[in-house]
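Undergrad: One letter stands for each residue in the lines below.
Protein chains: 2
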Amino acid sequence: MPRDLTIDALLSPAADVDAYLATYVDGVDMAPNLREAIKYSLLGPGKRVRPVLAWHCAFAVGGPGPSSLPAGGAVELVHAFSLVHDDLPAMDDDDLRRGRPTLHRHTNEAMAILAGDEMLNLSFRLVTERVSSPTLAGRLCHELALGTSGMITGQVYDTLGGYRADLPGLDKLKLIHRNKTGALIRAACRMGAFCGLAHPAQGRTTEHGFDLQALECITTYAEAIGLMFQIVDDILDVTQTAEQIGKATNKDIEAGKQTYPGVLGLDRSKAEVERLLDVSTRALEPLGVSARPLVELARYMAVRTR
Amino acid sequence: MPRDLTIDALLSPAADVDAYLATYVDGVDMAPNLREAIKYSLLGPGKRVRPVLAWHCAFAVGGPGPSSLPAGGAVELVHAFSLVHDDLPAMDDDDLRRGRPTLHRHTNEAMAILAGDEMLNLSFRLVTERVSSPTLAGRLCHELALGTSGMITGQVYDTLGGYRADLPGLDKLKLIHRNKTGALIRAACRMGAFCGLAHPAQGRTTEHGFDLQALECITTYAEAIGLMFQIVDDILDVTQTAEQIGKATNKDIEAGKQTYPGVLGLDRSKAEVERLLDVSTRALEPLGVSARPLVELARYMAVRTR
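As you go down the protein sequences, you meet chains A and B in turn. Note that the first sequence covers residues 5 to 310 in my numbering. Note that the second sequence covers residues 5 to 310 in my numbering.
Bear in mind the hints are in silico, worked out from the structure with no lab data behind them. We put the CB at the ideal spot given by N, CA and C, even for glycine. A few of these clues could be false.
On the chain B side, residues computed to face chain A include the following (Cβ under 8 Å) [claimed, not checked]:
1) 38
2) 95
3) 99
4) 103
5) 105
6) 115
7) 129
8) 132
9) 161
10) 294
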């Protein structure tokens, strides 16, 4: 049972994830310049929110946190791939990410395309090589692919359209967010839970090999915090810009992208964050004290806007 | 037992593959413009060599050809993704493929990047959704990921370098070809064989769930024809006109890329094709008459240069 629920302690599995991914990537036979590019993107600054969620989800359902590493590592590979491709000139055309040159600036566009491709591919390869149970590996690969499909289709909706022209603003926003950010967070949480539930140390009764009630709790939690995470991002984009340049314009609005504050206003957006925090934490009640790290993580994610 | 070994009959599973992939892609929930882009690239003109190989490999080891469809479909998704990304301006910058605008010309660069990403992702998703045995699904995903890793690292070596500076020309060429073209053909054949071996209709004794001798035969065949396939491509690039093969010729030489005729000369390159054809067909002898379609396919691939 975890006694230390400070945010630093909650985020500490990030170091385990980085070590795990570095070891994995070093062990794969590949062109050395490709490996360098992948490690540059994969192991740069970042909180590793998705694998940290996977870790605490495994713990919440009764398994050890480290049992989640194949799940968390795979999801982080997908997240890193998506950032590299999103930064490309044909997409967001960003030169900097977290204070460092983006990969296509650090190397070149061709390498950024290929390194992104290989990180996506390695996410599945890692699961098939590091998970000994074929049933678990199959479940993880499927969940990972579903999450990645959602993420990509969300990016298409956000940047290239394709949704119904008559879709109301809030529905459009939910469609984009649920896919673009939500799907991979959902996958991270469910995959972590699958790992925890499959571990011999977890003592719950299982049905079809997995405890469906625990999985339901984790899924409800994941969907709520996934949407909450994106609304918080939207709010920060407005409020931080306001502090910095003294007016309520921001990057998303300038880019013509719909945001929660833009559609609902700031107050109702903040109320929505509170509502989703409540949904997420209530969903975990049946899991008892082992879910406390997940509750604290959700509070941490929400508190950024207060 | 197949009676009709004309090349048209041998290539006829391509139609089954296209129908299978169209049904699959139509069944996945995604942005409609993304679906259109994926179908444009995936179902355009082409021989579907890799899924046809998978089909006949399944048959060669004693299973029915259609049992290979999840394997062949997944490999074709990877192949199609690689063409879309290779055509991008930052890579080969091609405007046409098989007489039609490349995807980034038909749509735009952002869509081509995202559709390529989703085709790679869907390749794994298809396997996890269409293969009911977790053991078989896991094997297929692993083999697919290995093949894709090889393909990507081969593309890096070919276009961005990264190999040892002192590597002799022929070794460099083999390193590039074995990865860039060979790895995915190897994956197609082995995945087809896995499907055939796992099918209840196949009557061979199995070890660890799969007939290792049959798999060995298929693997040797696959590695030989994979290299042969690329040497034939190199030879055609030198000897044929643009009209005959439907793309710009001498392009490799103009681009400064190493080719077999460039390193070995035309005659020794042709002799190498004959040698590899011999290796590939001998490897199949233990499989008997059920491997005849594979023998004929190898001859067809080689004969293009005669």
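Undergrad: Hint by hint, say whether it matches the structure.
TA: Quick rundown of the hints versus the structure:
1. 38: Constraint on residue 38/B satisfied, holds at 5 Å.
2. 95: 5 Å, holds
3. 99: 15 Å, violated
4. 103: 24 Å, violated
5. 105: Violated. Min distance 16 Å.
6. 115: This hint holds: residue 115/B lies near chain A, its Cβ roughly 6 Å from the closest one there, short of 8 Å.
7. 129: 3 Å, holds
8. 132: 4 Å, holds
9. 161: Hint holds; residue 161/B Cβ to chain A Cβ min 5 Å, cut 8 Å.
10. 294: 27 Å, violated
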